[in-house]
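Kindly produce the complete structure, drawing on both the sequences and the hints.
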Amino acid sequence: MGVRRGRLEGANTMTDQSGVLTDVRRGMIPAHIYNDRELFELERERIFGRAWIFVAHESEIAKPGDYVVRRVLEDSFIVARDEKGEIKAHFNMCLHRGMQICRAEMGNASHFRCPYHGWSYRNDGRIVGLPFHQDAYGGEAGFKRKGQRLLPAPNLASYNGLIFISMDPDAEPLEDFLGDFRFYLDYYTKQSKSGIQLMGPQRWRVKANWKIGAENFAGDMYHTPQTHTSVVEIGLFREPKAEKRKDGCTYWAGAGGGTTYKLPEGNLDERLRYVGYPQEMVDRMKQSLSEDQLKVVGEDGFMISAASAFPNLSFVHNWPRVAESDDVLPFISIRQWQPISENETEVLSWFAVDAEAPEEFKALSYKAYLMCFGSTGMFEQDDVENWVSLTNTAAGSMARRLLLNSRMGILEDDTEVVPALTDEQFHGPGVAHTGYGEYNQRELLNRWADHLEEPVTAVSTVEVGGPGARPAVGQEPAGAATAGGTATSTAADQVGAQA
Amino acid sequence: MSTPTTARTTPGTTPAGPEVTPVETASTRSVLGGHASRLQRVGMTLPFGDERHLAAHQWLVDEAWLLDAQAYSDWLALLTEDIHYVMPVRVTTALGAGFDTSPGMAHFDEDWYSLSRRVARFLTEHAWTEDPPSRLRHHLSNVRTFATEDADHLIVDSATLLFRNRGDVHEGSLVSAGREDLLRHTPEGWKLARRTIMVDDSVMRMQNLAIFL
Chain A
802 MGVRRGRLEG ANTMTDQSGV LTDVRRGMIP AHIYNDRELF ELERERIFGR AWIFVAHESE
862 IAKPGDYVVR RVLEDSFIVA RDEKGEIKAH FNMCLHRGMQ ICRAEMGNAS HFRCPYHGWS
922 YRNDGRIVGL PFHQDAYGGE AGFKRKGQRL LPAPNLASYN GLIFISMDPD AEPLEDFLGD
982 FRFYLDYYTK QSKSGIQLMG PQRWRVKANW KIGAENFAGD MYHTPQTHTS VVEIGLFREP
1042 KAEKRKDGCT YWAGAGGGTT YKLPEGNLDE RLRYVGYPQE MVDRMKQSLS EDQLKVVGED
1102 GFMISAASAF PNLSFVHNWP RVAESDDVLP FISIRQWQPI SENETEVLSW FAVDAEAPEE
1162 FKALSYKAYL MCFGSTGMFE QDDVENWVSL TNTAAGSMAR RLLLNSRMGI LEDDTEVVPA
1222 LTDEQFHGPG VAHTGYGEYN QRELLNRWAD HLEEPVTAVS TVEVGGPGAR PAVGQEPAGA
1282 ATAGGTATST AADQVGAQA
Chain B
282 MSTPTTARTT PGTTPAGPEV TPVETASTRS VLGGHASRLQ RVGMTLPFGD ERHLAAHQWL
342 VDEAWLLDAQ AYSDWLALLT EDIHYVMPVR VTTALGAGFD TSPGMAHFDE DWYSLSRRVA
402 RFLTEHAWTE DPPSRLRHHL SNVRTFATED ADHLIVDSAT LLFRNRGDVH EGSLVSAGRE
462 DLLRHTPEGW KLARRTIMVD DSVMRMQNLA IFL
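Protein chains in written order, with this note's numbering: chain A, 802 to 1300; chain B, 282 to 494.
Hints may contain errors.
Claimed, not checked - As a list, the in silico SDA-like pairs of lysine to any residue whose alpha-carbon atoms are at most 25 Å apart:
#1 K864/A to G379/B
#2 K472/B to E1125/A
#3 K1163/A to D363/B
#4 K1045/A to A401/B
#5 K885/A to A375/B
#6 K1163/A to A375/B
Stated by the list, open to error - Here are the in silico distance ranges between beta carbons for each label pair:
#7 Q321/B to G930/A: 38 to 48 Å
#8 G1036/A to G315/B: 22 to 32 Å
#9 P932/A to D481/B: 33 to 43 Å
#10 E973/A to L455/B: 37 to 47 Å
#11 L404/B to Q1027/A: 48 to 58 Å
#12 A1124/A to L404/B: 15 to 25 Å
#13 L1095/A to H316/B: 32 to 42 Å
Said to hold, decoys possible - Take a look, some chain A residues computed to stay more than 10 Å from chain B by CB distance:
#14 E875
#15 P932
#16 P974
#17 G1001
#18 R1039
#19 E1147
#20 Y1167
#21 Q1182
#22 S1190
#23 A1200
#24 R1201
Hints in this document: simulated from the structure, not taken from any laboratory. It should be emphasised that the depicted structure is a prediction, and the values quoted were computed from it without experimental measurement. Ideal Cβ placement from N, Cα and C applies to all residues, glycine included.
Okay, structure coming up:
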């Protein structure tokens, strides 16, 4: 995305935020960005109106007819697997009077019928029932039912089964958007050729700004020894002892970045078993991950932990003790920071596990997840307390006078306190550093600034079966992704008459 | 009055799994409840004057006081070693869907070890989420007691409404839930052997569940 340094234009009610963005880019964060209505309106338009936003994983809608209802801010989408096995996402609004068609969170259905006047739609979005079509509209002559479908998501694509929506019909391809972060995404989502299964999500609301969680998971290795002292004291997690985190590295590549822990000496198998993977899962990882992905663990000795992909999707991989024994067991969580307002966020937290993992591993990994993260997780409890307090404190006028120092890891002249790892020391793409640093928080907020600076193009409107309706663009119905692979399709901007 | 399941969708059901268990409880349907007692209620609600009901009701009131006071070591001592403590994630589903909890997911799905770690954490000086502590009030009502096949076990249904307030900025938050408990008579008195918490929110409005219900 182009970087323009000039005054912001476009949004009607926006005041000049260019000073804020300039400060953010030099690692000095105006504290009010964590509780600011005007900035939130700008985020709504320029980040959530454009970026690729995670909505579901293919394993949540495994069978034809399975659906989940998910939101991008206020916009509700039915994400469904149709009878052909294709994944579709349609705006959850009846074409007639705008009623929300599907009011469940999940289920299995071949059709969705609007409760208001009874219009009904197949699970691929096509309209199939329109009561009294002939009497009410004079049939096709008055309302062209044929070819009508629910409004598709402007753009839909998936990576390793993770389904994303972009509200921008001209969005860059998902693979380009994610960029080299895909290398790290694979550790969480491709431990075998079958990929992951998701359970959940647990959903809850916190009175915190959405960016705080995204920044924390992206790179805040510095908070662990302090915030999470208690989980070390009770013997749940042995890693985050004071001093230990600086031996791990943080990396940033493409749309995301994360933290790692330094593993003890050993070969690849020993290091994967150290965090609790049984040998059969190690063997499958050696089949499904690339040579360089395996070298990061086996040769470089780094194990992925938390990560974030811009704007609001995060991951965590830890290996706590789940019983009275010295054994540890790893778990994966995927979570989304869904903004409600500038000072409230809905957290959606899933447990993820490799589909080919042994059943006993799946159960204990789930136990590890529940003990550490999610609505009851002992790590997460203390995180949220901090984030709510931060958001409260950022609301007033004093926060507008304070620039927070987010320059950890660099000197006044921007040189690094500890030089970046070389290609020999770290086989992953992007830039990685050991030592304490806030490289990734700066990277995330720089992307945030880039998005806020770039106006969005006006969206087109859609006429439903009206006299002037133009044909829909393209043949392939929009909002379709091929199961299993990576696919992108461009939305039709019209639900018009396809005669 | 005797059967609690006259609703068209039984609250707290998950989609039918492949294996058939002889006795279905929320614990057997959960991921980690295989070890839990499978005892079920037998017969009608015990009369409110029945000594068993009076004992169960008093146990719940006393327990609520311990939870309000965050006297978690004392609370842990009221749990049996084979405790299963489960709070499924509720989901909004169509009336005919046949389930209203998230398959394979819960807020709590706990055994004695995991509960003991949670309690141990609160006893450290570094559980920041409860320092300063919340002000808690567990409101208890709708208590109904049932016999089981075993004279040393009772089933108790109750409703709980937890009000939790922290700090001086935000309003307090509420959690409303129905509970089904299995109480066991032991030489040290009645203890909790199984608890199912059927929360009434699909999206929790509390910042975390650093509490017990």
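Exercise. Range hint 37 to 47 Å: satisfied by the CB atoms of E973/A and L455/B?
Worked result: holds, 44 Å
Problem set entry | Range hint 33 to 43 Å (beta carbons of P932/A and D481/B) holds or violated | Given about 35 Å between the Cβ atoms, the range holds.
For this session: With a cut-off of 25 Å on the C-alpha distance, tell me whether K864/A and G379/B pass.
Result: Satisfied, since the Cα-Cα distance of roughly 17 Å is no more than 25 Å.
Problem set entry | Given as non-interface: Y1167/A, partner chain B, CB spacing beyond 10 Å | Nearest chain B Cβ is 5 Å from Y1167/A, so the label is violated.
Problem set entry | Check on A1200/A being off the interface with chain B, judged by Cβ distance over 10 Å | For A1200/A, whose nearest Cβ neighbour in chain B is about 14 Å away, the distance exceeds 10 Å, so it holds.
Exercise. Measuring from beta carbon to beta carbon, are L404/B and Q1027/A in 48 to 58 Å?
Worked result: Hint violated: Cβ distance 19 Å, outside 48 to 58 Å.
For this session: Could you check that no beta carbon of chain B comes within 10 Å of the beta carbon of E1147/A?
Result: At roughly 7 Å from the nearest Cβ of chain B, E1147/A sits no farther out than 10 Å, so the non-interface label is violated.
For this session: Evaluate the given range 32 to 42 Å for the C-beta pair formed by L1095/A and H316/B.
Result: holds, 38 Å
For this session: Take a look at whether the Cβ-Cβ distance between G1036/A and G315/B falls inside 22 to 32 Å.
Result: At roughly 25 Å between Cβ atoms, G315/B and G1036/A fall inside 22 to 32 Å, so the hint holds.
For this session: Would you check whether the claim that P974/A is not at the interface survives, using Cβ distances to chain B and the 10 Å cut-off?
Result: holds, 32 Å
For this session: Verify that the Cβ of Q1182/A lies farther than 10 Å from every Cβ atom of chain B, and report whether the claim holds or is violated.
Result: violated, 4 Å
Exercise. Would R1201/A pass as off the interface with chain B, using Cβ distances and a cut of 10 Å?
Worked result: For R1201/A, whose nearest Cβ neighbour in chain B is about 18 Å away, the distance exceeds 10 Å, so it holds.
When the structure is compared with the earlier hints, violations turn up for hints 6, 11, 17, 19, 20, 21, 22 and for no others.
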